[in-house]
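Build out the structure end to end from the sequences listed, making use of the hints.
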Amino acid sequence: MTLLDPVWTSLLYLAAAVFFILALRGLSSPRTARRGNLIGALGALIAVVTVFLSSRLENIPWILSAIAVGTVVAAPVARRVKMTQMPQLVALFNGVGGGAAALVALLELSHADDPWVRLAIVFTLLVGAVSFAGSGVTFAKLQELMTTRPVVFRGLPAVMAAVLLAAVAAGVAVIMSGSAALAVLLLVLGLLAGVLLVLPVGGADVPIVISLLNAFTGLAVAASGVVLGNVVLVVAGTLVGASGTILTRAMAAAMGRSVAGILFGAFRGGSTAGSTAMSERPVRSSSAEDVAVLLGYAQRVIIVPGYGLAVAQGQHTAAELALALEARGIDVDFAIHPVAGRMPGHMNVLLAEANVPYESLKEMGEINPEFKTADVALVVGANDVVNPAAKTSSGSPIYGMPILEVADARQVVFLKRSMRPGFAGIENDLLYEPQTSLLFGDAKESLAQVLGAVKTL
Amino acid sequence: MDGMSLLTITVLAVFVGFEVVSKVSSTLHTPLMSGANAIHGIILVGAIIVAGQATDPWMLAVALLAVVLATANLVGGFVVTDRMLHMFHARKQLAGKEAATKAATGEVDGK
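Same order as they appear, the protein sequences are chains A and B. When the letters of the first sequence are read in order and numbered with numbering that gives the first Met the number 0, they come out as residues 0 to 456. When the letters of the second sequence are read in order and numbered with numbering that gives the first Met the number 0, they come out as residues 0 to 110.
Worth double-checking, as some hints may not be accurate.
[What the hints assert, rightly or not] Quick list of in silico lysine-lysine cross-link-like pairs, DSS-like style, CA-CA up to 30 Å: (1) A/K81 <-> A/K361; (2) A/K390 <-> A/K361; (3) A/K371 <-> A/K454; (4) B/K22 <-> A/K81; (5) A/K361 <-> B/K22; (6) A/K361 <-> A/K371; (7) A/K361 <-> A/K454; (8) A/K390 <-> B/K22.
[Unchecked claim] Derived Cβ-Cβ restraints for the label pairs, each shown as a range: (9) A/M145 <-> B/L6: 37 to 43 Å; (10) B/P56 <-> A/S178: 18 to 24 Å; (11) B/K22 <-> A/A259: 22 to 28 Å; (12) A/P387 <-> B/V10: 41 to 47 Å; (13) B/L11 <-> A/R79: 36 to 42 Å; (14) A/P5 <-> B/P56: 28 to 34 Å.
[As the list claims (entries may be wrong)] Derived list of chain A stretches under chain B, where covered just means 3 residues or more per stretch with a C-beta under 8 Å from a C-beta of chain B: (15) 19-25; (16) 29-35; (17) 85-96; (18) 210-217; (19) 235-243.
What the hints contain is simulated information worked out from the structure, not anything from laboratory work. We put the CB at the ideal spot given by N, CA and C, even for glycine.
Here it is, written out as structure tokens:
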């Protein structure tokens with residue numbers, strides 16, 4: 000017997016669904032974002048408690064142990080992960096969610112006789128598997144376990160088409176027969192499709208693909224809700240699917256890309272232009288003292304932080320340098336590209352961690368006209384987001400992405416680890432311009448040296 | 000629940016989903032994606048149901064794997080989102096404190 004009657008069960012699921020809607024709304028505004036997230040967690044708690052109280056469940060000790068295992072594994076990782084590695088963690092969590100949905104659908108097949116329910120199972124299996132494998136590949140790209148360049152091989156479109164056709168055929172066969180073996184085959188085809196979908200995506204576009212796969216997992220969860228006749232899964236999954244689609248488009252727009260272009264761009268070929276070997280052209284390399292003089296006698300300095308700054312954990316030193324320059328009466332701002340770091344908003348999070356005041360962080364639209372009046376643009380560990388190839392070279396993978404117009408500044412200083420091209424794997428012509436100088440080294444150490452030199456001016 | 004009601008709910012949820020995130024600044028894209036990611040961890044409810052119905056040990060093992068994965072998605076997702084947003088919050092408090100100190104010491108902001 001169960002503790003809750005169907006009416007109470009429905010009411011509690013409804014409450015959970017409302018909480019999820021409020022959570023997404025809260026997350027859309029900076030003031031209410033944190034509360035929104037907590038409301039979402041509360042909704043999830045209500046739904047999980049409700050399922051225990053309302054369904055006739057066997058194996059409860061096993062289930063509770065499995066929940067404990069999942070919590071013990073995920074919570075400490077989520078709490079301790081470095082903020083720079085957070086995008087790949089989100090990708091990983093998204094993938095396991097998709098995997099869970101696929102497994103749920105696989106197990107429900109034995110209870111499903113209705114063809115519509117079987118159709119929902121097929122959908123969940125396929126989309127969940129795509130999301131699981133695709134997220135795995137994005138994780139590998141972000142963690143740099145594999146190349147961040149687009150991976151394409153001859154015949155990729157044909158292989159992809161064959162896999163999708165086979166998946167459709169297997170799906171139809173599963174709906175007709177209800178065969179578990181065919182369902183496993185479908186699962187494998189889904190995994191393959193997920194890998195093939197993400198391989199051709201270039202490193203700079205990976206965040207958008209994470210968002211897209213996030214929406215996919217939402218849809219898989221919604222379909223599994225149809226399979227189980229569970230309304231909270233349907234509502235939560237659909238919400239994530241719909242909002243994830245909007246979010247993916249918004250992210251792509253912020254980068255001047257189209258979602259279709261990202262997924263299929265590499266298929267058309269030519270998009271790897273510019274990712275050739277490094278050029279032999281000379282660059283002007285500079286010392287920390289030279290950079291300090293440039294900065295110390297400027298009137299207006301704009302700092303452009305990038306992922307390299309974050310990796311070196313140099314955000315605190317950058318904040319100190321900004322303070323030291325401001326103490327000399329110099330106007331200092333941070334120019335934040337929408338996708339600085341690895342994800343939209345990522346750099347804001349990192350600089351917030353270093354207590355850089357909110358007013359100093361300028362968004363791209365606001366700061367771009369101001370580069371003309373800047374004496375020095377100090378680019379710390381950023382490359383793709385200031386690469387003029389995005390404006391000038393139509394064959395480049397980042398063509399069309401809005402960039403920070405650092406070339407307009409009187410002097411441009413790059414703090415770089417090496418001449419290695421950025422995450423998108425494209426060379427930056429700005430490095431060879433006459434107004435550009437480079438200071439090689441770890442971003443944090445370079446900043447510390449410059450900071451020391453500024454203090455002795 | 001019958002198919003028609005589920006379809007109705009789904010279609011309405013699509014519009015709600017479009018609507019609630021339609022005006023979000025790019026600063027919040029990452030936390031919003033992460034929060035939405037946590038919400039689909041609710042597949043845990045489905046995993047619990049199938050694990051509770053599993054009769055043979057193989058099915059139970061697969062279902063429990065789904066429970067572990069779904070829990071990781073749900074718990075990890077909310078925790079990591081909270082951490083991101085905590086930093087936004089901490090920054091505001093600190094900026095406020097700095098402004099207060101500056102005002103108290105009579106320091107004039109150069110801008």
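Do the hints match the structure? See the list:
Under the criterion of a C-alpha separation no larger than 30 Å, the hint pairing A/K81 with A/K361 is consistent with the structure, at around 24 Å. Pair hint A/K390 plus A/K361 holds up; C-alpha atoms about 21 Å apart against a cutoff of 30 Å. Our distance criterion of 30 Å between C-alpha atoms is met by A/K371 and A/K454, whose separation comes to about 27 Å. A distance of roughly 29 Å separates the Cα atoms of B/K22 and A/K81; the hinted pair therefore holds under the 30 Å criterion.
Between A/K361 and B/K22 the alpha-carbon distance is near 19 Å, which keeps this suggested pair within the 30 Å criterion. Taken as a hint, the A/K361 and A/K371 pair is honoured in the structure, with Cα atoms around 15 Å apart against an allowance of 30 Å. At most 30 Å may separate the alpha-carbon atoms for a hinted pair to count; A/K361 and A/K454 meet this at roughly 26 Å. The straight-line distance between the Cα atoms of A/K390 and B/K22 is roughly 27 Å, inside the 30 Å bound, and the hint therefore holds.
At roughly 41 Å, the beta carbons of A/M145 and B/L6 sit within the given window of 37 to 43 Å. For B/P56 paired with A/S178, a C-beta distance near 21 Å keeps the hint of 18 to 24 Å intact. Here the CB-CB span from B/K22 to A/A259 is close to 24 Å, well matched to the stated 22 to 28 Å. Roughly 46 Å separates the CB atoms of A/P387 and B/V10, a value that falls within the hinted 41 to 47 Å.
In this structure, B/L11 and A/R79 meet the distance hint of 36 to 42 Å, their C-beta atoms being roughly 40 Å apart. Remark: the range hint 28 to 34 Å for A/P5 to B/P56 is upheld by a beta-carbon distance near 31 Å. Chain B is given as covering the region 19-25 of chain A, and this holds because 5 residues of the stretch bring a CB closer than 8 Å to a CB of that chain, at least three being needed. Counting residues of the region 29-35 of chain A whose beta-carbon sits less than 8 Å from any beta-carbon of chain B gives 4, enough to reach three: the coverage restraint holds.
Only residues whose beta carbon comes within less than 8 Å of a beta carbon in chain B count, and the region 85-96 of chain A has 8; three or more means the coverage holds. For the region 210-217 of chain A, the stated coverage by chain B holds: 4 residues have a C-beta nearer than 8 Å to a C-beta of that chain, and at least 3 were required. With 9 residues having a beta carbon nearer than 8 Å to a beta carbon of chain B, the region 235-243 of chain A meets the requirement of three or more and the stated coverage holds.
The structure is consistent with each of the numbered hints, conforming to all of them.
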